[in-house]
Structures are given as structure tokens and as C-alpha cells.
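2 protein chains.
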Amino acid sequence: MAFEITDEFLENLVGLIYENNDLEIKKLFKEVHFADVAEVLDEVSFDEAIYIIKLLDSEKTSEILTELDEDTREKILENLSAKEIADEVGEMDSDDAADIIGELSEERQERVINALEDDELAADIKELLSYQDNTAGALMAKELVKVYETWTVAGCMRRIRGQAKEVTRVHSIYVVDKEDKLVGRLSLKDLIIAKSDQKIAEISKAKVDAVNVNEDDEKVAKIMAKYDLEAIPVIDDNNVLLGRITIDDIVDVLKEEADKDYQMAAGISQDVEANDTIWELTKARLPWLILALFGGFISVSILGGFETAMDTYPALFFFTPLIAAMAGNVGVQSSAIIVQGLANDSLKGSLWRRLFKEVLQSLINGFVLAALLMSAGMLFLGFKVEIGVTVAISLISVIMIASIVGTFVPIILDKRGVDPALATGPFITTSNDIFGILIYFMIAKIILGF
Amino acid sequence: MAFEITDEFLENLVGLIYENNDLEIKKLFKEVHFADVAEVLDEVSFDEAIYIIKLLDSEKTSEILTELDEDTREKILENLSAKEIADEVGEMDSDDAADIIGELSEERQERVINALEDDELAADIKELLSYQDNTAGALMAKELVKVYETWTVAGCMRRIRGQAKEVTRVHSIYVVDKEDKLVGRLSLKDLIIAKSDQKIAEISKAKVDAVNVNEDDEKVAKIMAKYDLEAIPVIDDNNVLLGRITIDDIVDVLKEEADKDYQMAAGISQDVEANDTIWELTKARLPWLILALFGGFISVSILGGFETAMDTYPALFFFTPLIAAMAGNVGVQSSAIIVQGLANDSLKGSLWRRLFKEVLQSLINGFVLAALLMSAGMLFLGFKVEIGVTVAISLISVIMIASIVGTFVPIILDKRGVDPALATGPFITTSNDIFGILIYFMIAKIILGF
Chain L
0 MAFEITDEFL
10 ENLVGLIYEN
20 NDLEIKKLFK
30 EVHFADVAEV
40 LDEVSFDEAI
50 YIIKLLDSEK
60 TSEILTELDE
70 DTREKILENL
80 SAKEIADEVG
90 EMDSDDAADI
100 IGELSEERQE
110 RVINALEDDE
120 LAADIKELLS
130 YQDNTAGALM
140 AKELVKVYET
150 WTVAGCMRRI
160 RGQAKEVTRV
170 HSIYVVDKED
180 KLVGRLSLKD
190 LIIAKSDQKI
200 AEISKAKVDA
210 VNVNEDDEKV
220 AKIMAKYDLE
230 AIPVIDDNNV
240 LLGRITIDDI
250 VDVLKEEADK
260 DYQMAAGISQ
270 DVEANDTIWE
280 LTKARLPWLI
290 LALFGGFISV
300 SILGGFETAM
310 DTYPALFFFT
320 PLIAAMAGNV
330 GVQSSAIIVQ
340 GLANDSLKGS
350 LWRRLFKEVL
360 QSLINGFVLA
370 ALLMSAGMLF
380 LGFKVEIGVT
390 VAISLISVIM
400 IASIVGTFVP
410 IILDKRGVDP
420 ALATGPFITT
430 SNDIFGILIY
440 FMIAKIILGF
Chain Z
0 MAFEITDEFL
10 ENLVGLIYEN
20 NDLEIKKLFK
30 EVHFADVAEV
40 LDEVSFDEAI
50 YIIKLLDSEK
60 TSEILTELDE
70 DTREKILENL
80 SAKEIADEVG
90 EMDSDDAADI
100 IGELSEERQE
110 RVINALEDDE
120 LAADIKELLS
130 YQDNTAGALM
140 AKELVKVYET
150 WTVAGCMRRI
160 RGQAKEVTRV
170 HSIYVVDKED
180 KLVGRLSLKD
190 LIIAKSDQKI
200 AEISKAKVDA
210 VNVNEDDEKV
220 AKIMAKYDLE
230 AIPVIDDNNV
240 LLGRITIDDI
250 VDVLKEEADK
260 DYQMAAGISQ
270 DVEANDTIWE
280 LTKARLPWLI
290 LALFGGFISV
300 SILGGFETAM
310 DTYPALFFFT
320 PLIAAMAGNV
330 GVQSSAIIVQ
340 GLANDSLKGS
350 LWRRLFKEVL
360 QSLINGFVLA
370 ALLMSAGMLF
380 LGFKVEIGVT
390 VAISLISVIM
400 IASIVGTFVP
410 IILDKRGVDP
420 ALATGPFITT
430 SNDIFGILIY
440 FMIAKIILGF
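Heads up: the sequence lines are chains L and Z, in that order. The first sequence lines up with residues 0 to 449 when you count with numbering that gives the first Met the number 0. The second sequence lines up with residues 0 to 449 when you count with numbering that gives the first Met the number 0.
Hints may contain errors.
It does not matter which identical chain is meant; a pair holds if it fits inside one copy or across any two.
As the list claims (entries may be wrong) - Calculated lysine-lysine pairs in the DSS-like style (CA-CA distance at most 30 Å, straight line):
no., residue 1, residue 2
1, K218, K254
2, K254, K414
3, K145, K194
4, K25, K82
5, K221, K180
6, K188, K145
7, K188, K204
8, K59, K74
9, K180, K26
10, K204, K194
11, K259, K225
12, K59, K221
13, K225, K25
14, K356, K74
15, K206, K188
16, K254, K282
17, K125, K74
Don't read these hints as lab results, they were simulated from the structure. Predicted, not measured: the structure shown is a model, and the values here were computed from it.
Let's have the full structure, built from the sequences with the hints guiding it.
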């Protein structure tokens, strides 16, 4: 826990590498957790990282590889032979192994799988690679502890001693019938507490939650979080036990999902990090900015269309950024509340009730803000009453419309199978800018009659 | 898994409640998971929810209570006596019990704890309530399986049969010395695989990750996610074992943290949901809108200050929403990347390198966007060359400054102990609007000389 990457540690390490002092390097990493080694590898130069990976035991490096940043891992794997990758992968659980092999080119995937010494693992990996991304099948591991319902507790303990060695964490023991169909589960604790001559069928729980192999992984995450499960068995359409998903995989799914929503809200295409290259970062950001730019053109045209009002009411034009900003802020607030409600499955009640609630809220917000705006605008900025009234009425209307759009766009996107988080990003801010300015000038035209 | 709340289910349930048909209601809920029952209670009226809670066994209702929405739970607890709450809480693990008692008024806390039949649980709850919010102590449970290093495997198995009954999930078995100091850990699997006459000290792992009871809960979540831990022991400053934190609690911490960041980015004060009252929602939203409104006033004043330019270059004013929107979007993108980097501890390299990278990116984005703007603006919107050049140069400058501000504000906030996610919200959008417009008109003044 106490390990921190210090400059001294890195200097020392790099020095040792240049001396080829393998013994000392091994000693240096002996007590370091693989997740920390992975961080060290992200810090050193690429050649140094390769040196370290090739030096350490594959039992340790296999764990390090799974923890590495995807970009660093890709570069390291390029420098290992198929046989070397197979040695690393051979030490991993099937789910991690399949994830890493899945990152290789198809042709290399073949060669690595053929180079695996463990035929069973090779078959498991092939099976796991065959499932679609973002399904339970792609997330699960093949390693699990499985017993037949007809066994006794004592027999079961003997068999488990064999199976459990390959399974990092046992969680549940799954009970199957002779066709390998899932019929129940029990915990190691149940087994330890039971008498040794009891039958498994007597002590196992028949009610066992399971997910289908084709279930969406975010759905699996929701189920596991809702029911507080630490592992869930994965079955096919015939109830045959195929694998299991553990909660640590779900933690990753939840984090990825949250990161994705956050990035969408900020107008960044998925999956960039601060340490990505400038090119990758630009690629993720520029499309949204271009979208916003074209939105901006539309508002320029709208304002240009009202140019005649400039002579009589120049002050009207001073308020456009304010109106646009309020529309943008309100819209994002409304969308964010809906997006989170959808993510947590906590949106209840009819659409009409939601509409009513949103309109009422925006009326309250609108009146408070309009009152502030009128008093401040006229007292301190010295605007005429008719400008104050026009801006205030526009503000209330714009807030109301932005909040209605912000509420319903994510609901509609979700119904059409599009990620509703899209609605919290530049997409809705830009539309709200445009609508806001248009409504503002239309109301001004009606009131002021230019 | 297959349970879905249908209108028929609810109608049937409400009918049964009005008939006082307790037997049928119990039957109805018999096979339903407590997390699903909690959802049903959120759907029915408040009196109906109380009726159901009072009807079902406390073994089941205690689990339901922990799953309920906080608002619903609060209302239900208000309608239960101290004794009734004590019965519910008596069935819970110490961490859930402490969480729920912690929601009561101090005076009720006293009475509920005094009404508890289990003195040990009462003491545990008192201890847990004494730790500060958002620390490991407030998150941990007292239930764990603990063995002394001098025991044999066989003796250990006997004792564990006793302890394990009270512990829902065993995860690790913690090894302590005679002063209750944590010295190692082993898994149930290790115990099952070992020979029965081996000493615990021989088969346990001496290296055991632990967190201090005063550690920040988000730090604990990061450690557990990084090292893939499913449970972590909690110790005091003298290494004495106090409790343990399991990964399901961490899943909640991670979700809360992600929700909080997301809401901050959207300009919503923490902890509201779509189903909260209009008053709560308004309270969470209005302060940010007022902030944005005052930001808007500043931009109004700035524009007012350049009124003289209106006669010669009216088109300049048409571009203000575009410039403001671009500044806002770029700033939020930059901040979001930094906020996520800080959250994942993945920000590497010096500040100067980060600055260089950000400036380069914004130059690329700026030039592409300026080129698009000039060509589109002059070809389709028919603006004069000097306006086109002015807006283009301003756009590049504004993008560069917004991205630098967006990068450094969250870093500075983080260094000062303020949540950096604040920087992705209306706060930075509003400042960027103001800076953007100011820079735009200053550049215009220099180039066009009005």
C-alpha cells in the first residue's frame, strides 16, 4: 500500500537497467505489487519497459500486462514473439487472456492461441473471443468451481481442492445437473458448516440468479449492483453453465460507463486520457467543436436577420450571450437529471407529470432570474424599461423551452437506443443557443415592434 | 432476475392491502428479492408501504430498508417506534445498521440503540457512528472472520464454523496476534487446501494490505479498484484490526463520486434525483443559474462598452454568441480531461509539458476552426474580409486561452483541496464566456481601430 513512485526509485531503476544488473532489478520489484509495477512501466521509456517485462517471471508479468495502460501494452506486445505472449497469457485467467489476445491482429491471435501449451485454456479463449463485445459472454471468465448435485459434502470438498487451485477467488460454488445445467449454488461457508455425509442437493440454494451469455454488460452491472452480488453465473439459452462474472469486472464496466457519460457531457468522443497523443486528443475534441461552430453560424445568421433592430435598440444585442448562456445551462441541468435517472433506472411516473414538474421548476427559476435581471439591469446598467421587460419575458420563455428540450431529448434518445448522455454535451448546448437567440429576438420583435 | 413491477402487480397488491389479506400479501412477496420489494415500496403510497413493512418478517424488511430510497426510508422510520426500528436494525450487518441509525435524530439514535437486544451490535454501532463521515471507519463493518496465528487448521475450521455464521460473505480470514494486531490473512480456499495439523502461521500470507480507519473513503475505493481487492481490513494507528470494507460498499462510493462529478459538470448541486421535489430540484439548480446570470451581466457591460463599434461594424456583434460558445466548449473539454486524469491518478509529466501540449492542441483546433469560419463566413454569409480576419484571429486566441484556463483551473483547485470537478461546471463556462467576449472585442479594436 505504501509504495510510491519516487524520482529516486526511477533513477535507481534506470541506472540498474544500464548496468544490466538483473539481480538487483528483480530484488527491487520483489515486494512491489503488480499494479504498482504497471505504473512504473508507464513512467519509464519504452525500451526500459520491455527490458523489465522480459526480465521478470511470467507469473508476475502476466498480471502486470493486464494492469498496463492499453497503449503501453500494445507497444510492448508488438515487441514480444507469439510464443512469449502465449507464455504470459498462459498464466492469466481466461477473461484477461481473451481481452489481451483480442487486442492483437487476427493473424497474431491465431499464432498466440496455437502457441499456448494449455489446450483447455486455448479452447476457452477461442470461445470467449467468439462472443460479441459488451455482452456477458465477453466479460465472463471460464474459471469457476462446479459440483454435481448428487455429490456428498465430503466428495465435494475433495473435488473442490482440485478445482479451486485454478480459481483465484471462489465466491460461489455452482451446482449443476448431469447435463451441466445450472440448478443451484452454495458458498464455501455452507460447505464448511455442513456435515460431511450430506448431499449437495440438500444444502444448496435452488434459487440462483444468472444472466444469459448475450446480455448487455451494462445490464449485468446494474443487476449485480442492485442485488449486491459478488459473482454471477452466465448461462446459455438452455440454462447450461458457461462461465461467471465477478464484481471486479463490473467495477471496471461501471467506471468506463461513468467516464463515457462524463466525456460525452464535456463534448469529447469516448476513450481519451490526458496522456494520449495530441493527435488522439484533437481527434476526440475537434468534431464537437466543428458542430458548435456550425451552430454558431446559425446564430450569426439569425442575429444578422435582425440587423434593422440595431439602430433603435442596440442594447438588445448586448444580451445575446446572456440569453444563450442561460439556455445552455438550463438545458444541460435538465438533461443531466434525466440521464442520471435513466442510468439508475429511477425515472418514475408518467411523462406528463415529468413535463408538469419541469415546467413548474423552470417557471420558478425563470421568475427569480427575470426579477434579478430586471432590477439589476435597470438599476445598475441603466437600460430602458421596455428593454428590461423584453429581456425578462424572453428569459422566462427561453428557460422554459430549454428545460423542456433538455428533459425530452435524452428520453427520446434513450427510447431510440441512442446513449442519452449525448444530450448533455455540446449538441444540446448548441441547439439551445440557437433556439434561445431565435426566441429572444422573436419576442423582442413582438414587444418592441421593429 | 425476471421480476418486473407491472401495473397488474401493483393493482393486485393495493387490492389485497385494502382487503387486509395479509396471507396473500406475504405469499406475493415470498419469492421477490428484497431489492425488488424496495422498488415496489417506492411505487406505492406511503401508508401502503408502512403496511407492507409492518407485515413482513424483520429478516426481510431489514434488507428492504437498506435498499430503499433515503427519502422513503426516512418517512417510514418516522412511523416506526424505537423498538420496531431496533428489531429491523438488529437483523442488519453493523455497517448498514450504523448508516440507518445515523440518519435518525440524535435523541432517537439513543433510544434505538438502547432498545437493541444484541449488546455487541449496540457497541459496534456506537463505535461506527463515532467515525467521521467519508472515512474508512464510517464505511467498514465490524463483522469479519478472525483467527490467531497460533491456531491449527483444524482448530481454525471449528472456530470459523461459529464466526462465519454471522458473516454474510467471508472473503478473507484475518490473522491476528495476541494483541489483536493484524499480522496476515488467508482465504477459505487456503484453509480447505491445507492439511488439518498445519499451523495458521505456516499457511497465511504475511503481506496484507490494510487501510487506516481515518483514511478517506474515496482513497480506499481507489486502492481497492487498483489492486482488485474484494475486501480490505481496517486498522487503527497501532495496527489493531477494527473491521473490514467489502467491495459492494466501494461500488456505492464510486457511483456516488461519479454522479457527483457529473452533476457538478452540469451545474447541479450534489445529491438530487429526478424524483426529488420541485423545491429540492430548484434549490440545487438556481444558485448556478444566478451565477451564470451575473456572468451574463458582465458580458452585457462589456458589449455595452463597445457600443460605438456598432455603427461601423454591426456584424461584429452577430459573432458574440459564437465566440462565447466556442470558449465555453473548449474550456469544458480541457477541464474534463484534467478532472478525469486527476480522478484516475493518471496525470503524468510536468506542468510545462502539459501546457505545451494544450497550447499545441488548441492551435491545431483553432486554425482548423478559423479556416472553416473564414471560408464559410465570407462565402455564404457574405462578411467583409476584415471582419472575417478579426473573428478568425479572435477565435484562435479565445480557444487558446479557454483551453489554458480549462487546464489549469482544475489543477489549481485540486492543489487547494477543492473538488476539481467544479471547474467543468457553469463556473468555467461563465468565466470563459466573459473572457472570450472581452478578448474578441479587444482584438477587434486593435485590428479594426474603432
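Consistency of the hints with the structure:
Proximity of K218 and K254 under a CA criterion of 30 Å is satisfied in both settings, with 14 Å inside one chain copy and 15 Å between copies. Taking the shortest Cα distances, K254 and K414 sit within 30 Å of each other both inside one copy (24 Å) and across copies (24 Å). For the homomeric pair K145 and K194, the shortest alpha-carbon distances inside one copy (19 Å) and between copies (22 Å) are both at most 30 Å. Only within a single protomer do K25 and K82 lie at most 30 Å apart by alpha-carbon distance; the minimum there is 22 Å, versus 61 Å between protomers.
Taking the shortest alpha-carbon separations for K221 and K180, only the intra-copy value of 24 Å comes in at or below 30 Å, while the best inter-copy value is 38 Å. Proximity of K188 to K145 under the C-alpha cut-off of 30 Å is found in both arrangements, the shortest distances being 15 Å within a copy and 14 Å between copies. Taking identical chains as interchangeable, the C-alpha atoms of K188 and K204 lie at most 30 Å apart whether they share a chain (13 Å) or sit on different chains (20 Å). Proximity of K59 to K74 under the C-alpha cut-off of 30 Å is restricted to the intra-copy arrangement: shortest distance 19 Å within a copy versus 53 Å between copies.
For a Cα distance limit of 30 Å, the shortest separation of K180 from K26 across copies, 28 Å, qualifies, whereas the shortest one inside one copy, 48 Å, does not. Within a single copy, K204 and K194 get their C-alpha atoms as close as 16 Å, and across copies as close as 29 Å, so both meet the 30 Å cut-off. Taking identical chains as interchangeable, the C-alpha atoms of K259 and K225 lie at most 30 Å apart whether they share a chain (21 Å) or sit on different chains (19 Å). Proximity of K59 to K221 under the C-alpha cut-off of 30 Å is restricted to the inter-copy arrangement: shortest distance 22 Å between copies versus 32 Å within a copy.
Proximity of K225 to K25 under the C-alpha cut-off of 30 Å is restricted to the inter-copy arrangement: shortest distance 22 Å between copies versus 44 Å within a copy. In this assembly of identical chains, K356 and K74 lie within 30 Å of each other by CA distance solely across copies; the values are 22 Å between and 53 Å within a copy. Taking the closest pair of Cα atoms, K206 and K188 come within 30 Å of each other both inside a single copy (17 Å) and across two copies (24 Å). In this assembly of identical chains, the alpha carbons of K254 and K282 lie at most 30 Å apart whether taken from the same copy (23 Å) or from different copies (29 Å).
For the identical chains of this complex, K125 and K74 are intra-copy neighbours only, at 23 Å inside a copy versus 53 Å across copies, given an alpha-carbon limit of 30 Å.
The structure fails none of the hints (numbered hints given earlier).
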